[in-house]
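Protein chains: 4
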Amino acid sequence: MQFGSDNQTGASSQVLEMLTVANSGFTHGYGDDHWCAQATEDLKKVFSCDLEVYFVATGTAANSLALSCLVQPWETMLCHHQAHILQDESTAPEFFSGGARLIPISQKAGKLMLAHLARYFHSLADEPPHTPRVGALSITQANEAGLVYTPRELTDLCSFAHKHKMHVHMDGARFANAVAALGCSPADLTWKAGVDVLSLGATKCGGMVAEAVLFFNRKLAESFIHRRKRSGHLVSKGRFFGAQFVGWLKDNHWLELAGHANKQAHHLEKKLASFSSISLKWPREANEIFVTMPRQLADFLHNSGAEFYQWPANALPPGIELEEDEVFTRLVSSFVTTDEHIDHFCRLIHKYESTNNLGR
Amino acid sequence: MQFGSDNQTGASSQVLEMLTVANSGFTHGYGDDHWCAQATEDLKKVFSCDLEVYFVATGTAANSLALSCLVQPWETMLCHHQAHILQDESTAPEFFSGGARLIPISQKAGKLMLAHLARYFHSLADEPPHTPRVGALSITQANEAGLVYTPRELTDLCSFAHKHKMHVHMDGARFANAVAALGCSPADLTWKAGVDVLSLGATKCGGMVAEAVLFFNRKLAESFIHRRKRSGHLVSKGRFFGAQFVGWLKDNHWLELAGHANKQAHHLEKKLASFSSISLKWPREANEIFVTMPRQLADFLHNSGAEFYQWPANALPPGIELEEDEVFTRLVSSFVTTDEHIDHFCRLIHKYESTNNLGR
Amino acid sequence: MQFGSDNQTGASSQVLEMLTVANSGFTHGYGDDHWCAQATEDLKKVFSCDLEVYFVATGTAANSLALSCLVQPWETMLCHHQAHILQDESTAPEFFSGGARLIPISQKAGKLMLAHLARYFHSLADEPPHTPRVGALSITQANEAGLVYTPRELTDLCSFAHKHKMHVHMDGARFANAVAALGCSPADLTWKAGVDVLSLGATKCGGMVAEAVLFFNRKLAESFIHRRKRSGHLVSKGRFFGAQFVGWLKDNHWLELAGHANKQAHHLEKKLASFSSISLKWPREANEIFVTMPRQLADFLHNSGAEFYQWPANALPPGIELEEDEVFTRLVSSFVTTDEHIDHFCRLIHKYESTNNLGR
Amino acid sequence: MQFGSDNQTGASSQVLEMLTVANSGFTHGYGDDHWCAQATEDLKKVFSCDLEVYFVATGTAANSLALSCLVQPWETMLCHHQAHILQDESTAPEFFSGGARLIPISQKAGKLMLAHLARYFHSLADEPPHTPRVGALSITQANEAGLVYTPRELTDLCSFAHKHKMHVHMDGARFANAVAALGCSPADLTWKAGVDVLSLGATKCGGMVAEAVLFFNRKLAESFIHRRKRSGHLVSKGRFFGAQFVGWLKDNHWLELAGHANKQAHHLEKKLASFSSISLKWPREANEIFVTMPRQLADFLHNSGAEFYQWPANALPPGIELEEDEVFTRLVSSFVTTDEHIDHFCRLIHKYESTNNLGR
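Residue numbers (our numbering), protein chains in the order written: chain A, 466 to 825; chain B, 466 to 825; chain C, 466 to 825; chain D, 466 to 825.
A portion of the hints provided could be inaccurate.
[What the hints assert, rightly or not] Footprint (simulated), chain C over chain D, 3 or more residues, beta carbon under 8 Å: (1) 546-560; (2) 565-574; (3) 579-590.
To be clear, the hints were calculated from the coordinates, so they are not data collected in a lab.
A virtual CB, placed ideally from N, CA and C, is assigned to each residue, including glycine.
The task is simple: from the sequences and hints, build the whole structure.
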């Protein structure tokens, strides 16, 4: 019953196997090897375009390195108020960019929309050098509320951004889940919509430790190798990062893993809807479900071995306030979530409701 | 009719004279001279306490150097949404602090109040190292809306801050105006209320180029000399900075200058209240007045030689939206604002209203 | 015949196996798992002391994160003129430390000795805040010339450093090779000699991607978790880093791997000594050999499939200048270097010498 | 008898007077005023070219801001081993550049020469991203040893630098002294020789607090206004900086001041040559003299009211070692150094020598 995070899993067996294959023999270090070359070719095919690819060990590194290529230290990076780069990556974006500024503009909406951008620009004091210059827009796909952006929405955001001299970064820690959920091509959700650079995460969806930064706008990548090296993110045995991606992408493996996670989240959501003690905060779109429940129930579930995290109140939609004895939680499914995990979890809720004479 | 900013003036004659006196002879460089020593003694007397004092050339340097002593690069600095450090100092706070994060918490209120702090902490996700740690609170006195904090308000803010392991910085670019407006002692508005460090600005109120950073909490000053030197803010001929403060503080000169500015703002406010085309946005408390007026009137005034700045819409109180043909402006008085400046300005408005058959 | 670098190998089978074992099931992320706990316990036993351990993906990250805990941005980091942190890690030490300064003090000697430290301090202008303050000493063990420091030498360096208010960092990318070469205990080469923090590299000696930062001086570790997170070096699936170290340390595996590499370097050195076209620049002590050879020979070897790197002329001892047609190269053995690699390599040299009527 | 530093003087009366004139009336802030405009025009005339000019308060700010426009954080800045930016400005160059690296290459010579550059490049390991990229060359004119570079020497250095993709910065804290000493045009010593940007210091030679950054290569100035603002170096009452330069440049005032300082240094040098207890270390070229003398004499002079600084041993030429009871000192003349200062100083030395039966 692990719904804590999709990073609490191991690697998929196909990824692990590829790592083992890659282990034998000598290769050049620092990414100058045929595994990285193969992974790069595979990514070009998956995204149907030429691109620059760099592998790193963490999503925070991928995001911050990417952003640091898009902004000057006296510029701003606009994002959703729950963006991982804003809420969960310490001050990494500031560190890598040399002190550029993150500005949340989504006004508590589930997704960052064109109207938010327009409104931000409408009331913006724009007097450089006194005011920082607008530099980049960062969009998470699937986002931190488990919601996905359609190609149309992305195109609107990117067009506006480019018109206002911003570059666009996409945090794709759960990009696979978004692709699986929307049924669009990876290209439609990225460069065709105007995304300049994508942090593509394999770790949460079957990788071991594998993130890639993909530059569709290749001239923005110019300084990347220097930034990666001086931040300690150029791994010496680079082959193992290439190999993970080769294994992950092979035969559509990545989308099968993501599809499974989404499907299981869908099942869980449907089942949860039948409980009176559980309140879904908004409809699920990928592999994350957000609910409120009595604190007593949460405690009971935790004590019975279920894993899931309480979520910060500032992620609630506007106007929704938590009751004193209520908790706001996130439930995440993954590529290894089984029906049994879900059934067990629901049986516990049922037991709780029965004991407390709840239920419909 | 210069109401653009109080930094559009020269220095007061008393300050200028002291500079001339200080010019003769040799002294050691870098602040190791009797003028700086004298200014330090004078400041101790004015604030009725022992303290560490450092002189710098700009308010941005004073604020950012002070803040950088209060926070680690993985911490946050809470402030008002219109704080000068957030809106008008580029990304200086990030630069000096090595990438700490500014977070506005005032929710569009005129002043940052205890309730804002409490609310922020209530919904805060606090999971270091993922989330940045809370590090400092910065309060501007008099603030960017021209409002002043009472000793009671400051004490409440500082107590809360200290209880939550934040240090407190005060941006005192217009501290003199606040002291003059409130009639409190400098001590009451700073260390007695719990302020750890004050950026004390003389420039806007009679100085030439003179800001001081005052550490009431002296152990926070430990790294200051290194930070000031490596940011290029240790001036070689330090005597001229000490001399300006000696001249500024002598015989209560600073409070007379500030009192005059406040008084003239009061007169201007009273006169403006009688015009139907001018709408005061909130009551004045120090030397700044915020009004909306028809764009046509603003143009007429500018063309007639009046100086004042249009102000960004994001400084308006919640719920107030600008009409299409309306402008939001700030009017600032200074130590050299004369009755004639005010009368001339008002005559122009009167003329505009007469011509357009307005007026009450 | 791969003598290019010990990072051109895969992982040892014992390490790889442990990764596979660790892959199954769920664990908490970010190092909060039993693999990391086990690895920490193992390291405490190996070093016979209590300590703080943090795992990261690269040696550059380990070094720079460690150093950043030892110095302020207005301080210096003293090191050998060929130190990896100075020559091969871009400006990572500056980036992580916020701009502290690396200063080479070894005056072209093979090892950084007490006399170098003494001489540096003798002629040092020490006038803070004008001059940067001395902050840390970094020693590489085994060092970039393949030489090892004895416990006595380390104790002398560390004592001097501590007396002058410097903290001591050890770059242990090849620490295993040093332990195996010296036959000392890990404790003797670190905390007992006065080392405050060690970057312990497993990658070059049987790991896949595994470096650990060990704080013997535990209070220096206070900010580490924040620094690691904001530099993107906190991996989500931390178990895989713990698992590598568990596998690496188990049953003295790490020292067997290092011992093998050293032994093979010893064999190679002995054999090379018999060739007139090869000139050993200084006696080998661990797993690296530095030689000069005719450019023609180097080309022949490369063309015949041998891997080794040309080394920069600034690593030559004082007084030694390269001839026009001569190259300076480094030969590195590793845990997978076989007798056959060595024999093949030497047969090629023999062939070259015969063809050219060289040889003794 | 103040020979401590040329920054221990006040401002020249012409500069002070201009400040007083500039004090009256209103002007726009932040350099948008007619004084700054006038100073800019004056500088264009003095340097016989178009250029970008920015005023700041200190030489450290001028140097570091200028350098930060020339290098990326993963690049190096080559300089003389006694360069002020290396020895006397804390880690300001690292701070402003985001962590670029200063590398002294002059090998203890009095001036940085073409041969040093050539030698440095000869033995340089150039393997980005592992090695930092070479970015800029900084030359001080007149330099920290009081020596001046001829147009020919500058042209050679700049040509080599540009050929190797470096930009060239000139630290002109004593540029006026160099111009006066060489009798060249300012253009010959800067843009005509290939200098891209000059830090022009007025402070040490008659200014109060006035430094200018002049970009001859104007496209390098692109980010300057942002860098200046976010480092707190955009002064609000900018007119006072423009006014100082207007006063300083008017009617060749700056060169008269510098010429006087040089001339007095010449007189002092000539007189010192006659004392057996004073040993001139190298011939004076501008307004600084470097000598060794018995510690007893130095103490006697200090006790008799003379001001001069002991100088660090690492500034001595190679092969020269200080005796135990000997001190190395610097004597600086300035625009206010009188014959009487010099005579008094020499009378004291004479007295010391007589008392100790020294003298020729």
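Going through the hints against the structure:
no., hint, in the structure
1, 546-560, "holds (count 7)"
2, 565-574, "holds (count 3)"
3, 579-590, "holds (count 4)"
In terms of the numbered hints stated before, the structure departs from none.
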